[in-house]
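Peer 1: Here the protein sequences come in this chain order: S and D.
Heads up: the first sequence begins at 16 in the working numbering, then just goes up one per residue.
Heads up: the second sequence begins at 25 in the working numbering, then just goes up one per residue.
FYI, nobody ran anything at the bench for these hints, they're computed from the structure.
Even glycine gets a Cβ: it sits at the ideal position worked out from N, Cα and C.
One should not assume that every hint holds.
Short derived list, chain D residues pointing at chain S, Cβ under 10 Å [claimed, not checked]:
(1) Gln30
(2) Tyr60
(3) Gln62
(4) Leu70
(5) Thr110
(6) Ala111
(7) Glu112
(8) Ala116
(9) Phe128
As a list, the in silico SDA-like pairs of lysine to any residue whose alpha-carbon atoms are at most 20 Å apart [said to hold, decoys possible]:
(10) D/Lys73 <-> S/Glu121
(11) D/Lys73 <-> S/Phe123
(12) D/Lys93 <-> D/Asn65
(13) D/Lys73 <-> S/Arg110
(14) D/Lys73 <-> S/His44
(15) D/Lys73 <-> S/Gln59
(16) D/Lys73 <-> D/Phe38
(17) D/Lys93 <-> D/Gln137
(18) D/Lys73 <-> D/Glu39
(19) S/Lys28 <-> S/Arg110
(20) D/Lys73 <-> D/Ser50
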Amino acid sequence: ETGVTQSPTHLIKTRGQQVTLRCSSQSGHNTVSWYQQALGQGPQFIFQYYREEENGRGNFPPRFSGLQFPNYSSELNVNALELDDSALYLCASSRGRGSGDRTGGELFFGEGSRLTVL
Amino acid sequence: AQSVTQLDSQVPVFEEAPVELRCNYSSSVSVYLFWYVQYPNQGLQLLLKYLSGSTLVESINGFEAEFNKSQTSFHLRKPSVHISDTAEYFCAVTLDTGRRALTFGSGTRLQVQP
Chain S
16 ETGVTQSPTH LIKTRGQQVT LRCSSQSGHN TVSWYQQALG QGPQFIFQYY
66 REEENGRGNF PPRFSGLQFP NYSSELNVNA LELDDSALYL CASSRGRGSG
116 DRTGGELFFG EGSRLTVL
Chain D
25 AQSVTQLDSQ VPVFEEAPVE LRCNYSSSVS VYLFWYVQYP NQGLQLLLKY
75 LSGSTLVESI NGFEAEFNKS QTSFHLRKPS VHISDTAEYF CAVTLDTGRR
125 ALTFGSGTRL QVQP
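Here chain D stands alone, though its shape is the one from the complex (with noise of 0.2 Å):
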């Protein structure tokens, strides 16, 4: 089975400010990883995917993450956040079976003050 370890439950930051978000998993197989973000009241936003080639992914708005195999991370990274950026944000991962479960991290609440 695999599991989801978020780091930090909370992550208070400055505007303009670079941020990294911690996230560690453990498989025994080759699994598929995703960065989701939350805003308040509403569902699941999809912000990057690895599945495979480039450890390095990047999503549209500025966030990168990179697979990290031999440590089993999926780290999340922005070099300079905006106030908009404030959500919780989950790790997750899910097997790669074929199957569609996603086993999520317990969230980070990234906190941008001006």
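So that you can see chain S by itself, here it is in the shape it has in the complex (with noise of 0.2 Å):
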């Protein structure tokens, strides 16, 4: 059973540049969520995605969107990046609705890609 993958490990972009993060979801699970973790701090919840349509919000800008994709991975894209924009962003899976699931949220972590907003 393959764990979650992430997509570049790290980067560096420029203020305003756009930004594509890539995530594999571990096998067997059809939701994915997207956490931000701003250094030093806990991850805040930017998105989830279920069956390729947004499942919840958190607190972000428009400029952060996503996409899931029919084998359950997803993309975090962000627009217009700025300097706040600078942290490791997870990408985490699990078993969703009509999977039976009952577990209440057990998610299951990618290690993260790492951004650098200059």
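These two chains come separately, so use the hints to put the complex back together.
Peer 2: So this is what it looks like as structure tokens:
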């Protein structure tokens, strides 16, 4: 059983640019969530995708957008990058609705993509 | 809306000593509670979880946490820590609604010294 994989592991962008981060979910999982972890802080929920549709969103502006593909992999896109977007972006997969899951939110995290905005 | 407070940003402790990492939450509805551990330059790993039933939950590496509804707490404890336990520990909560969005605390850095 493969775990959650994310790419790239590190990247550097300049203010105003756009970035795409990718995530492959764990085998058997149909739900993907994205979190932003700023330095020295806990992760903050960005949004979640289930069956290729956004299924909940945190307090992030519309320039943060995402996609989920039929194979349940996902992308996080951030437009018009700002300095404060510098963070570790974590992807997590889980068994969602329709799978009989009653685990109440057990997420399996990837190692993250560290974004630096200069 | 729910929130999580981890009262200690750093906890230094000597090897083989006991440790408690504190976590308090606020929510008007039932919640599920989690502890995650993050080693340097890695993602988060689930340490243990409370969903229902027994209020005392244990992990395979000697940690335990007790859900206390009256005090809205979910403190993490270990009777004897090892150097390898040095890491960042995050308490998290999610609502009992089928949603999967976790609300995390700000983390506690456990530094085990020889």
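Peer 1: Hey, lysine 73 of chain D versus serine 50 of chain D, does the alpha-carbon distance stay inside 20 Å?
Peer 2: holds (17 Å)
Peer 1: A closest beta-carbon separation below 10 Å is what the hint needs, so does alanine 111 of chain D meet it against chain S?
Peer 2: violated (14 Å)
Peer 1: Holds or violated: lysine 73 of chain D with histidine 44 of chain S, Cα cutoff 20 Å?
Peer 2: It holds: about 19 Å lies between the C-alpha atoms, which stays within 20 Å.
Peer 1: Need the status of pair lysine 73 of chain D, phenylalanine 38 of chain D: alpha-carbon distance at most 20 Å?
Peer 2: At roughly 26 Å apart (the allowed maximum being 20 Å), phenylalanine 38 of chain D and lysine 73 of chain D break the hint.
Peer 1: Between the alpha carbons of lysine 28 of chain S and arginine 110 of chain S, is the straight-line distance 20 Å or under?
Peer 2: Answer violated: lysine 28 of chain S to arginine 110 of chain S is near 33 Å, above 20 Å.
Peer 1: Against the 20 Å threshold, does the CA-CA distance of lysine 73 of chain D and glutamate 121 of chain S hold or violate the hint?
Peer 2: holds (8 Å)
Peer 1: Check whether the Cα positions of lysine 93 of chain D and glutamine 137 of chain D lie no farther apart than 20 Å.
Peer 2: violated (33 Å)
Peer 1: Hint check: is the beta carbon of alanine 116 of chain D less than 10 Å from a beta carbon of chain S?
Peer 2: Check passed: Cβ of alanine 116 of chain D comes within 8 Å of chain S, closer than 10 Å.
Peer 1: Is the Cα-Cα distance between lysine 73 of chain D and arginine 110 of chain S 20 Å or less?
Peer 2: Holds, at roughly 16 Å.
Peer 1: So, as I understand it, the hint says leucine 70 of chain D touches chain S; can you test that by seeing if any CB pair is closer than 10 Å?
Peer 2: holds (6 Å)
Peer 1: Does phenylalanine 128 of chain D pass the interface hint, meaning its C-beta sits closer than 10 Å to a C-beta of chain S?
Peer 2: holds (3 Å)
Peer 1: Regarding the hint that threonine 110 of chain D lies at the interface with chain S, is the smallest CB-CB distance below 10 Å?
Peer 2: Hint violated; threonine 110 of chain D Cβ to chain S Cβ min 16 Å, cut 10 Å.
Hint compliance for this structure: hints 5, 6, 12, 16, 17, 18 and 19 are not met, and every other hint is.
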